[in-house]
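Protein chains in written order, with my numbering: chain E, 119 to 578; chain B, 16 to 229.
Since the hints were made in silico from the structure, they are not lab data. Possibly wrong hints are sitting among the right ones.
Unchecked claim - Only pairs whose alpha carbons sit at most 25 Å apart, straight line, appear in this in silico SDA-like list of lysine to any residue:
#	chain 1	residue 1	chain 2	residue 2
1	E	K199	B	I117
2	E	K525	B	K147
3	B	K73	E	K199
4	B	K147	E	K199
What the hints assert, rightly or not - Examples of chain E residues lying across from chain B (beta carbon under 7 Å, computed):
#	residue
5	T274
6	I278
7	G280
8	K284
9	N286
10	S345
11	Y381
12	G383
13	V417
Each residue gets a CB set at the ideal place from its N, CA and C atoms; glycine is no exception.
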Amino acid sequence: MLDPWDIYIRSIEGRQQDETEFSNITLPTKLYELASEYDISFTPEEIVPSDPSYIKNIFNAAVDLLVDVGFYNESTGRIIKFEESEIKHHLRLLPGEYTMGEGNEKCQVVKRGFESKRLPPIIGGPCGAPISEEYYIPLMQSFAQEPCVRGLHTATLETINGSEIKSNTTAEMIAARREIEMTREALRRAGRPGLSITGTMSASSSEGQCFGHAPEGLRSSDRLLVSLLNDMKVDWDVLKKSLYCQYNNLGIANCMAPLLGGYLGGPETTAIGLTAECIASFLLLGGPCIYVTPPFDVVTGHQVFNEGIFAIGSMTAAMTQNTNALIQVYCGASSGMCTERMIYETFAIGGTAVSAGSDAIQGAISCDAIHENEYSGMNSRILDGASSAFAGMSLKEANEFVVEFIKMYGGDNPSTFKPEPGKKFYECYDLRTNRPSKEFVDLWEGTKAKISDMGLEVKE
Amino acid sequence: MAEEELLKSVYDSLLAINSDKTTSAVKECLNNNISASTVMKTLADAMIEVGERFNQRKFFLPQVVLAAGIMEKSNKMLIDALDVSEAKCAGKVIIGTIEGDIHDLGKNIVAVMLKTAGMEVIDLGKDVPVKKYLEAAKENKADIVACSALMSTTMPYLRDVVELRNSMGCEEQFKIMVGGAPVSQGYADQIGADAYAEDAMDAVRVAQKLIAKA
């Protein structure tokens, strides 16, 4: 990572530029030029990239973008510039591993590489999706008690003491602390108090999020999510969070939730832009890893279309081939929980991430993380199934399966795609025993059999 | 050149997102005595096609924003040539992303689409304090205040906009329209907003309805 003081100086002394000009002209113009120069193109039959020179081109285009356009600091209206040599130098310094959790639950996240048989650790949880206070602890416990889960990602509390949580108020600070305390309670109930926690999600300001850091809250072995702004931007709020973690020895998880069809443009240019954002996160934020969602489509809000999966697959492959950076892809679905379609969508994204080299995976998320209480530990069990099926597979073979899954749920046709509505946690879990319903287990077993008929072995 | 051909040139140049060609095609139309309102309609039709292409993922946001900018520039040239009776704005909208929220992409798309529909849009940007919406609405005699929120923690401020507007007794002066990922029709009803829009195209339909009712 660059010296934080250096980032500050670049932020206040860099070239001034109007934000609209940066977003509407500078960034897209360069992206289109680079896509053409490096011959990056999207075809629906090539979702998981396997051509080494194509993967190298994505990485080189991303470095060129970063050097040419830089990163925009919204707070100062100035460009943070990078030299190619310093980008490569700082990427070389990345350790390629980190440890999360404590005691019995210590877990090493290490660089896996392409086609690795090593399973990526699963960080289970609703990953920021809204959960009501009433179900927060049992729902998080359902994730923590899944043996495949090696860390827990918190959710967003819908309310605090029955009231709405308002940003920039003390309510969001109390909510952020409560979110972590309740997650810790869920870990205790599952008998896994040492599992690592990634949060906080219930506050939006940097003060609110950092307030989750406390002896009973986030600890050094946990991670605070520090997310870049979309479209090659940061602001003081983002940089303050990163600095807080560094100075207080709290683990950082760089984070990015890209958009498809926005200022980064279509699939090819989004693949380049997203790779550039990932690289920049390691220079600006300081974490050893980056948590990345597949791009959300700006028209529909869904993240399971082939174009977005292509972009996340290309970025993961480019970072795997060329850096020691740890990539952690959020895997999930637009369809709701306890549906067959949700399983296929999880397999498409999970399969892409695992074969392209994702070093850990988060989720699985259902219903694009929009609906309240529509997540459970079974989601992680399904993601583990996808991971086991794809780990060790060649990129070419993985691509064939991913393309097939996308066709099965209609992700190749965004205009007609409709997510399948799902069920709530309390509708498919027995709340007394905190175990999945027979209906959910049978659905998973039945779908596994269908997947097996496709020639894909789900190991458990 | 025939009128049809000249108008086609305006339409095609805007779809090609070519600013110079569009403005010279517009000038050519005026030189050939084609009415300003006819040229404006052609530009609006081209922008509708831009919107369609955005929905079909053939165009992306930068192209839509640039096309809207070209249309605005062309319309400024045309307004001078309009009869006073023709120069009527389709409505005035104050738009912004609510206090505490910096996610403005959806709001930007809505702003462009409203402009495309001929409305005057005053964009307050992101992280807009509740009071500022209402001050801007009063000052500019707006028809609609459009507020978006992307986070559950910023959504409660939408209620504050409605409550403050009502406490000012301005319910009839301007209507409040809300939207954003966590917002729903149910939430809009619950907080007393006048309308909810699901996406950018819906926002145009909803805004037109609100203005027609006023």
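Results for each hint:
no.	hint	result
1	E:K199 - B:I117	23 Å, holds
2	E:K525 - B:K147	48 Å, violated
3	B:K73 - E:K199	32 Å, violated
4	B:K147 - E:K199	34 Å, violated
5	T274	6 Å, holds
6	I278	10 Å, violated
7	G280	13 Å, violated
8	K284	5 Å, holds
9	N286	5 Å, holds
10	S345	11 Å, violated
11	Y381	6 Å, holds
12	G383	4 Å, holds
13	V417	6 Å, holds
Hint compliance for this structure: hints 2, 3, 4, 6, 7, 10 are not met, and every other hint is.
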